[in-house]
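Top line first, the protein sequences correspond to chains A and B. Quick note on numbering: the first sequence equals residues 15 to 531 in the numbering used here. Quick note on numbering: the second sequence equals residues 15 to 531 in the numbering used here.
There's no promise every hint is true.
If chains are identical, the list can't say which one is meant, so a pair holds when it fits in one copy or spans any two.
Unchecked claim - Taking lysine to any residue and the SDA-like style, the derived pairs with C-alpha atoms no more than 25 Å apart in a straight line are:
#1 K55 x F464
#2 K305 x P163
#3 K305 x A123
#4 K78 x G420
#5 K520 x R242
#6 K305 x D337
#7 K305 x D122
#8 K349 x G193
#9 K305 x L121
#10 K78 x E182
#11 K276 x Q77
#12 K298 x A206
#13 K520 x Q270
#14 K298 x E182
#15 K298 x L121
#16 K349 x P163
#17 K55 x Q516
#18 K298 x D122
#19 K305 x A335
None of these hints come from the bench; they were simulated from the model.
Given next are the chains, with one letter for each unit.
Protein chains: 2
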Amino acid sequence: MFAAESMVRTLINQGVELCFTNPGTSEMHMVAALDRVEGMKSVLCLFEGVATGAADGYGRMAQKPACTLLHLGPGLANGLANLHNARRAFSPVLNIVGDHARAHRPLDAPLTSDIEALAAPMSRWVGTVGEPSEVSAMAVQAVRAAYGPERGVASLILPADCAWSDDEPDVLPRETMPGLMPVDEAVIAAAATALGEARNPVIYVGGNACLEDGLEAAGRLSQHLNCRLIMETFAPRIARGAGRIAPQRLSYLGEQAMEELKDCDVLLVAGSRPPVSFFAYPGKPSELAPKDARVVHLGGPADDLAPALAALADAMGAPAAPDLAPRSHAPAIDKPDEPLNPGYVGLSLLRHMPEESILCDDATTSGFGVYPWLENGPRHDWLFLTGGAIGMGMPLAAGAALACPGRQVFALCGDGAAAYTLQALWTQARERQNIINVVFANHSYLVLNFELARVGAGNPGPAAQAMLSLDNPRMDWVALSEGFGVPAVRAATVGAFDAALQDALKAGGPHTIVAEI
Amino acid sequence: MFAAESMVRTLINQGVELCFTNPGTSEMHMVAALDRVEGMKSVLCLFEGVATGAADGYGRMAQKPACTLLHLGPGLANGLANLHNARRAFSPVLNIVGDHARAHRPLDAPLTSDIEALAAPMSRWVGTVGEPSEVSAMAVQAVRAAYGPERGVASLILPADCAWSDDEPDVLPRETMPGLMPVDEAVIAAAATALGEARNPVIYVGGNACLEDGLEAAGRLSQHLNCRLIMETFAPRIARGAGRIAPQRLSYLGEQAMEELKDCDVLLVAGSRPPVSFFAYPGKPSELAPKDARVVHLGGPADDLAPALAALADAMGAPAAPDLAPRSHAPAIDKPDEPLNPGYVGLSLLRHMPEESILCDDATTSGFGVYPWLENGPRHDWLFLTGGAIGMGMPLAAGAALACPGRQVFALCGDGAAAYTLQALWTQARERQNIINVVFANHSYLVLNFELARVGAGNPGPAAQAMLSLDNPRMDWVALSEGFGVPAVRAATVGAFDAALQDALKAGGPHTIVAEI
């Protein structure tokens with residue numbers, strides 16, 4: 015048994031059972047270990063951004079970490095953008111990054127780089143194995159860091175000679191991992207007092223407060239106080255559909271968000287932080303809550319907010335169960351030849367989406383059009399682009415499907431975003447996943463057309479227009495998807511999309527529908 | 015005029031005339047500036063790794079920097095792997111990375127990250143604009159850093175409010191940029207003495223010593239001394255073809271390289287460092303020159319080695335011109351139905367490749383089969399994968415084509431490597447570049463099959479084999495290429511490849527030939 019094998023066995027003992035891999039020579043003993051040891055499935059990815067995005071999707075749904083296996087600094091670098099999203103989602107992810115053998119490192123061979131420095135900005139924990147005898151203990155430490163209590167990205171750097179050593183370090187047994195922390199009773203009592211004194215409070219939820227139990231408690235509270243329940247714009251995961259509480263989603267545009275919050279005198283923050291605008295704009299404020307509003311923190315990503323919100327609702331005398339909206343009626347398609355738009359995609363999803371679907375939203379502008387339709391539709395989890403690094407949708411879907419094999423997954427992707435990490439389609443095909451990718455083909459970085467105007471940079475001339483347009487040439491998403499092994503169709507009308515969606519659901523496996531909008 | 019406009023005008027004054035862009039909201043004033051100002055062409059890329067790889071290709075061929083325009087930390091992160099290659103190529107590249115407005119940064123909005131920390135490992139210079147009044151001066155500083163004297167990657171971080179400010183900072187005039195440094199006469203004299211005393215010296219060249227003049231001087235020297243002339247395995251750029259000196263390429267495999275160097279008593283190093291193996295292997299040394307060989311450094315990447323080598327050749331009494339091999343005879347294809355292999359691709363290139371072609375080699379295993387064929391063929395520049403971060407070929411080709419619009423460019427890519435940055439095809443199509451992409455479809459990470467055995471990790475079982483295979487499903491590279499707008503054909507025989515190459519050359523514009531090997 016070599017050291018990498020001890021490490022893999024130790025990780026399995028901690029409940030880590032999946033590894034998204036893109037290995038190279040320096041990780042060959044990890045490959046061999048994954049081959050020899052039962053209990054950890056390897057999923058090959060063609061690009062590291064797929065591996066890290068998939069690990070994020072798995073972490074958000076499984077609430078426990080999967081591994082990635084990445085090749086030195088450049089391999090990690092390719093995965094950093096989706097690790098940024100994972101970090102912002104407080105998603106548990108464990109990167110295993112191979113490095114050169116310790117004696118080889120100072121020779122500065124071509125693939126040498128400062129891996130710790132690259133990992134640090136996107137990781138809450140970084141460690142480098144110093145001796146083969148440490149591999150198991152450091153693996154446990156890394157898993158612990160991914161669990162939290164604030165969940166996140168842990169990056170373990172493994173020199174090749176520490177992986178190949180036959181020193182036979184111990185395999186460590188299962189250890190108890192940290193969980194979310196209970197919120198102190200005094201904090202809950204203070205929140206109750208503040209809300210009791212408020213004229214116009216807002217309950218502002220995010221993070222783990224957007225899971226089912228947290229929303230139910232927050233709904234009880236807001237209904238009892240007759241106040242608004244607002245969620246952060248890009249929550250990691252929100253439980254939705256008929257029978258669940260649906261918070262209002264804070265607008266992306268700062269001026270609208272300020273309008274939505276303007277009369278608030280007490281902002282109760284649960285699982286997030288007071289809202290700030292996504293970007294800054296000349297002459298506009300970045301902080302969105304009224305300056306004189308009192309901010310009351312119930313807890314952040316490390317805190318277990320569902321029981322805290324329930325205790326708070328109890329303390330304020332809220333009824334035991336909230337009122338819930340009835341299930342949306344799914345309208346028929348009466349004008350099938352109408353041109354497609356994101357709203358109609360939402361309508362078709364409302365009509366056909368299975369219960370307990372998972373939707374991964376990487377459709378910067380189009381997602382906003384789909385989202386409202388499903389509020390009281392089939393129960394589902396909606397996963398947002400937490401860190402703004404586009405190229406998350408298809409990888410996230412691949413990971414979510416591995417976390418929840420029985421559930422239908424959708425990736426909603428803008429065409430600009432999909433072009434970042436389209437290699438995820440290959441992993442979807444290889445693993446025969448029940449994923450329907452909807453590529454919204456507007457042939458532009460549409461959001462940037464708005465943003466160019468909003469930042470006051472003047473009317474775009476031809477060079478600026480060209481930089482925001484994907485029209486020359488148009489990408490053929492049917493060809494691209496099929497090139498990676500995922501069948502695809504194009505839909506330009508309401509009826510064509512509705513039919514394509516039904517066909518894809520009936521056939522099972524991965525599909526791409528190119529929504530021409 | 016806003017500050018970004020001053021910066022762009024200043025950059026143009028320094029000779030920077032090209033920007034590979036993938037902007038977002040925080041870079042909209044750079045987009046507007048590029049739109050308003052004449053003299054800097056914007057080239058849109060669908061993924062930042064394409065932008066940085068293209069900037070590397072441009073830098074290697076133009077010997078001056080192009081800009082990239084990248085969106086915050088994640089945008090930079092996506093470009094880091096190809097910046098790693100650029101860094102190892104000593105290629106001048108200037109990244110302009112947008113950041114949030116200064117007041118917005120401490121609010122930790124979703125896209126916030128530590129950009130300086132991300133940039134540092136791959137950059138020789140990192141700077142963040144602190145005040146709008148600094149933009150022009152810092153732009154000059156960044157260009158200066160990219161020029162060297164050791165050329166490399168400079169990363170300039172530009173907060174959005176420093177770009178949009180209308181403080182109107184000065185536009186700075188052209189400044190003299192650093193060039194390569196002359197090698198000290200004493201160093202040349204010492205090298206002459208050492209070589210004079212050597213029984214079995216080796217002239218070991220790399221970096222700028224592999225350009226035409228350096229090789230000619232090194233050839234004079236090695237012919238006069240009747241000693242070996244060996245080049246580093248992955249040089250940034252080597253001038254090749256009939257009428258030029260062809261150094262022996264040091265083997266990739268350490269044991270072969272050690273055999274090649276074994277009798278050497280004096281190693282004269284020009285433009286590189288003493289060779290080390292690419293990876294470490296259990297029980298094998300990483301340093302490849304004999305332990306008792308005397309290493310004599312003529313100069314490194316910052317030094318102007320062609321004149322130094324010429325002076326050294328003169329000092330040792332070498333004739334003024336080296337002997338040169340005659341032009342290779344390009345054999346006919348007598349068995350057109352033979353299955354294709356990389357050697358036959360080399361043969362077809364020898365038959366049809368135009369003079370002054372540029373070849374970008376990202377074909378890990380197949381490139382070795384093509385390379386020898388062209389040694390005395392048409393004159394060309396061959397660009398290697400300097401940093402080992404695959405996914406360089408198609409982007410590098412796009413940049414090289416922009417640096418040298420009159421020259422035919424080839425990207426030689428393994429299918430595993432091509433899958434990293436295939437979005438470069440779209441830029442090739444958009445810019446109507448004369449690039450022929452050869453994708454070697456062996457449907458595996460072939461090199462890793464060798465490496466798994468070489469590291470002694472045992473015989474691969476099914477899980478390990480699956481991790482090194484790209485066979486399930488097979489990528490359809492014709493579909494993928496056409497999906498991004500580049501026409502493509504498949505060739506599985508010697509004759510089919512030869513015909514496809516002729517067709518592509520005749521048609522002009524970008525093409526992909528899928529070489530089934």
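Comparing the hints with the structure gives:
no. : hint        : in the structure
1   : K55 x F464  : between (44 Å within a copy, 23 Å between copies)
2   : K305 x P163 : neither (31 Å within a copy, 52 Å between copies)
3   : K305 x A123 : between (54 Å within a copy, 18 Å between copies)
4   : K78 x G420  : within (18 Å within a copy, 55 Å between copies)
5   : K520 x R242 : neither (40 Å within a copy, 67 Å between copies)
6   : K305 x D337 : neither (32 Å within a copy, 80 Å between copies)
7   : K305 x D122 : between (53 Å within a copy, 18 Å between copies)
8   : K349 x G193 : neither (51 Å within a copy, 68 Å between copies)
9   : K305 x L121 : between (56 Å within a copy, 15 Å between copies)
10  : K78 x E182  : neither (27 Å within a copy, 52 Å between copies)
11  : K276 x Q77  : neither (35 Å within a copy, 56 Å between copies)
12  : K298 x A206 : neither (33 Å within a copy, 68 Å between copies)
13  : K520 x Q270 : neither (40 Å within a copy, 56 Å between copies)
14  : K298 x E182 : between (60 Å within a copy, 21 Å between copies)
15  : K298 x L121 : between (51 Å within a copy, 14 Å between copies)
16  : K349 x P163 : neither (51 Å within a copy, 67 Å between copies)
17  : K55 x Q516  : neither (31 Å within a copy, 46 Å between copies)
18  : K298 x D122 : between (48 Å within a copy, 17 Å between copies)
19  : K305 x A335 : neither (33 Å within a copy, 79 Å between copies)
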